Amino acid sequence: MSGRQVNAWAAPLLWLSLLLLLALGGDWLEPLLRWSEPDARRVLYPQADLLTLLVRHVQVVAIASGLAVVIGVGAAILVTRPGGRDFLPLVAQFASMGQTFPPVAVLALAVPVLGFGTWPIIVALLLYGLLPIVRNTLAGLEGVDPAVQEAARGMGMGGAQRLWQVELPLAAPVILAGIRTSVTVNIATAALGATVGASNLGAPIIAGIVNNNTAYILQGALMIGLLALVVDSVFARLLPARQ
Amino acid sequence: MSRREAPLNRVVMALSLVATATWLALPLASVAPNRIVPGTAHTATDLLGWPLALLACLPLVALMALSRRLDRVRCHLALALVLLLLMALPGWLAIASQWLVDPELPQARLGIGAAWWLSLFWLSLMLIELRSRLALVGWRAALLPVVVATAWWLQGAWLGSLALGQELDGRRGDFLEAVVDHLLLVGGAVGASLVLGALIALAMRQSPRVERLGFAVLNFLQTIPSLALFGLLLAPLAWLAARFDWLSAIGVSGIGWAPAFLALLGYSLLPMVRNTHVALSEVDPGVLEAARGMGMGRGQVFRQVRLPLALPVVIEGVRITTVQAIGLTAVAALIGAGGLGSFIFQGLGQAAMDLVLLGALPILAMALVADALLGALARRLDHRRLASPGGAP
Amino acid sequence: MIELKGVTKRFGDETAVDAISLTVKPGELCALVGTSGCGKSTTLRMINRLIEHDEGEIHIDGRPIREFDGRLLRRRIGYAIQSTGLFPHWTVARNIGLVPRLLKWPAARVRERVEELMGLLGLPVDQFADRYPAQLSGGQAQRVGVARALAADPDILLMDEPFGALDPITREGLQAELRDLQSRLRKTIVFVTHDMDEALALADRLVVMKAGHIVQQGTPLALLRAPADDFVASLLGGDDRGLKEAAITQVAERMLPLSPRLLPQARVHRDATLRQALAVMFREHADRLAVVDDEAMPIGELSLRRIVGAGRDGSGES
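Residue numbers (our numbering), protein chains in the order written: chain S, 1 to 243; chain X, 1 to 393; chain U, 1 to 318.
In short, the hints are calculated from the structure, not lab data.
These numbers come from a predicted model, not from an experiment.
Fair warning: there could be bad hints in the mix.
For each label pair, taking beta carbons as the anchor points, the in silico distance ranges come out as [stated by the list, open to error]:
{"id": "1", "chain 1": "S", "residue 1": "W164", "chain 2": "X", "residue 2": "V147", "range": "42 to 48 Å"}
{"id": "2", "chain 1": "X", "residue 1": "L136", "chain 2": "S", "residue 2": "A160", "range": "32 to 38 Å"}
{"id": "3", "chain 1": "S", "residue 1": "L21", "chain 2": "X", "residue 2": "Q350", "range": "36 to 42 Å"}
{"id": "4", "chain 1": "U", "residue 1": "K104", "chain 2": "S", "residue 2": "P89", "range": "47 to 53 Å"}
{"id": "5", "chain 1": "S", "residue 1": "A160", "chain 2": "X", "residue 2": "R172", "range": "58 to 64 Å"}
{"id": "6", "chain 1": "U", "residue 1": "P64", "chain 2": "S", "residue 2": "V148", "range": "50 to 56 Å"}
{"id": "7", "chain 1": "X", "residue 1": "W139", "chain 2": "S", "residue 2": "P89", "range": "17 to 23 Å"}
{"id": "8", "chain 1": "X", "residue 1": "V73", "chain 2": "S", "residue 2": "Q161", "range": "37 to 43 Å"}
Coverage of chain U stretches by chain X, computed from C-beta distances (three or more under 8 Å per stretch; other residues unrestricted) [unchecked claim]:
{"id": "9", "region": "83-91"}
{"id": "10", "region": "94-103"}
Note that beta-carbon positions come from the ideal geometry of N, C-alpha and C, so glycine has one too.
Take these sequences, add in the hints, and give me the full structure.
See the structure below:
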């Protein structure tokens, strides 16, 4: 049993250790990176240490996704209750419009209001990440078999009891799948924050583009990719296997 | 609409309340003496004085009254009111520009305030709500934004001192060029990915191994952050262009359109291939069985049954891809691909927020228009969702 | 005429159909019945070569079907299935005209034929021709499916649970229509169903299948009277099968000429089934009925002893 559990966490642990290796590897990664950029003066991103950037990246995504989950799941629950049904079409349409807003444009529009730094990217990620969560929560809650709902009511369960004991547990896999999509997309999109002065894993990429240094870009891209893999494989563990 | 007493519409009620609060509390516009200095904000009450500002709220109060019993007639009335309010929005800026901007200062400019943007947002939500309450579809639904856009365009003359307009004035030629570049890149990438994506999807249907491999590669491409994919193509393309003269002769180089186009193509392929593949695979097996049972050949089944049934889903893929490409092309400006993104990054670099808006707003508009048009096309091609008029068995 | 001789079909290691032989005579409606997975649909689909058989021979009008091009063969055999398989992106008229167009009939003739068939199946042209399948009820869609199968006037019709997805009332209505249609058109029909009542009501010949074998075949009456084994007997309704027999026998078959005795009050139509006659007796507490014709004129009488067949095979009275 414990052997199987270790096995189950093998993928996330593997990606995590590779990620940390890149973040902490420092000097002895130099020969590898040198291969991609033989002539450059430096191949290791010098401005800040990669671990700090990684932590900042995770922070931004965590705050944005946390807010998106609270707002998205909360809104979807509210509009599927009898009192909030009126708002259902509007919320569904707004969520799908949010996905239409390009993150760069939202980022750019947020800067005049929130200034340079971390907040614009949080707002952009929040908006962009909302749709998969709202859509999946709505689909999950609406997809609960009406017969089951009817039975729960027939047994005398109240509205809150039905929500917590019947609807949410039954909808959980669909909701989690939505959160998974939202978070993994946001990990990649967060790199854009570097263009408005947020310091995260997008910073080495921008520096690489500006200085024409592929090694910098590689470091940023690899770490973002690995971070996405870590999070995605953790979600894969949490979710029951897809049919 | 039901014949029972029309119920209270909570959505319109809530949105009107919030819009009123926004209007009275937040700054409507700001005035700056020049491009860089942050402006001073003015609320509607500063600008118009309390009596006039409250008077301007009357249509919103009327909307609240209508929403208490929103039957079909009142719904139409409310829609007309919301449309009028939306059409009049630039008018407030024109008034602000008359009263606030000192004509002695040619550099002075009017910034659009939070109250204005949020009013636009709440009114748009109300428009969407009323449109779905009235079940407006097709050209009548499309007419609403067109009417508003026309009204705004007609009021353009009075908005000379708007910062956005001033930014545009200086670079009208650049702006047009950027729009064209942007559209060309998006169109080229989406078009190429449609052709290539269809070919890949067809190849995937031939063999499960190609299918697994294809999706693995495309999924991997999608996890690379867009920023990085643009960057990573710089060096290899520069190297190729240096090696092969004909490549540099057609304009390929490390920066510019070539890496942007390739990266956009890479990103566009996954949604395109996925939708085309799903569309072709998920045609009702009963229909295919019947087609074969009637004596249709493989080619006939594909051309006359599978393809037309798959088309709406393929168009849906084109829609997703196009909206995504419009946003990504903005990022491509970082590697010198031109397009509207260059205004955004220039503006960010110079801390000139109005220049940022000049880039961001058209991108937003393009994405919304592409989304609406392609969505409408997909719905039009889809006969399966037609509502049954309920004939007797 | 359809002949199957020792036909076998295997899917991997599994034998779906095991050396079955079967002859369907021209103008006959042959129903294949059995539990799901017994090989009845596979048998049907081998006849139009949607599935190729592994062993044995299948002949249509004396020629082995392998001699035909599969597509051309299917164009001359009508085919209707449970999910209707109507093309959702085509109108009703275009769906019905599919096979004639495949056969390159001139457009005017296709249109004429489509209108003729819509009339035959009770689908007013002005009302239905331009509808899409999503705008039809289940029963209407099924009618369009049958019309499409009949479009090129095929001699042979293959039907795979065509009424399986319908509610009982619609299903009975369509069964009656099919019987009526068949009495006029006299097609050779192979009909797959798992609904024994449907098979009994429609079939000239009943073929019971189990695990890829034919367990028994014959007329419905023959099977009801002498089921080959317990499986066939239970499929036919166990102890209920007496009533099923009564349900497929007409009053006219058992009626006696009018006797000099007083005519009973309770009456039954000559085209009614014995089962309906029994129901009338039960309701009216009568053991004799007057049999009437369309004008409600008495033309004979029917007694309980006659219904249960006492004196014919002696198995009736209990």
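These are the hints, each one checked on the structure:
1. S:W164 - X:V147: 42 to 48 Å: The hinted range 42 to 48 Å holds for W164 (chain S) and V147 (chain X), with Cβ atoms some 47 Å apart.
2. X:L136 - S:A160: 32 to 38 Å: 37 Å, holds
3. S:L21 - X:Q350: 36 to 42 Å: Because 40 Å falls inside the window, the suggested range holds.
4. U:K104 - S:P89: 47 to 53 Å: With Cβ atoms ~49 Å apart, the hint holds.
5. S:A160 - X:R172: 58 to 64 Å: Holds, at about 59 Å.
6. U:P64 - S:V148: 50 to 56 Å: At 55 Å between Cβs, range holds.
7. X:W139 - S:P89: 17 to 23 Å: Distance hint for W139 (chain X), P89 (chain S) holds at roughly 21 Å.
8. X:V73 - S:Q161: 37 to 43 Å: 42 Å, holds
9. 83-91: Contact hint for the region 83-91 of chain U vs chain X: holds, 7 residues under 8 Å.
10. 94-103: holds (count 3)
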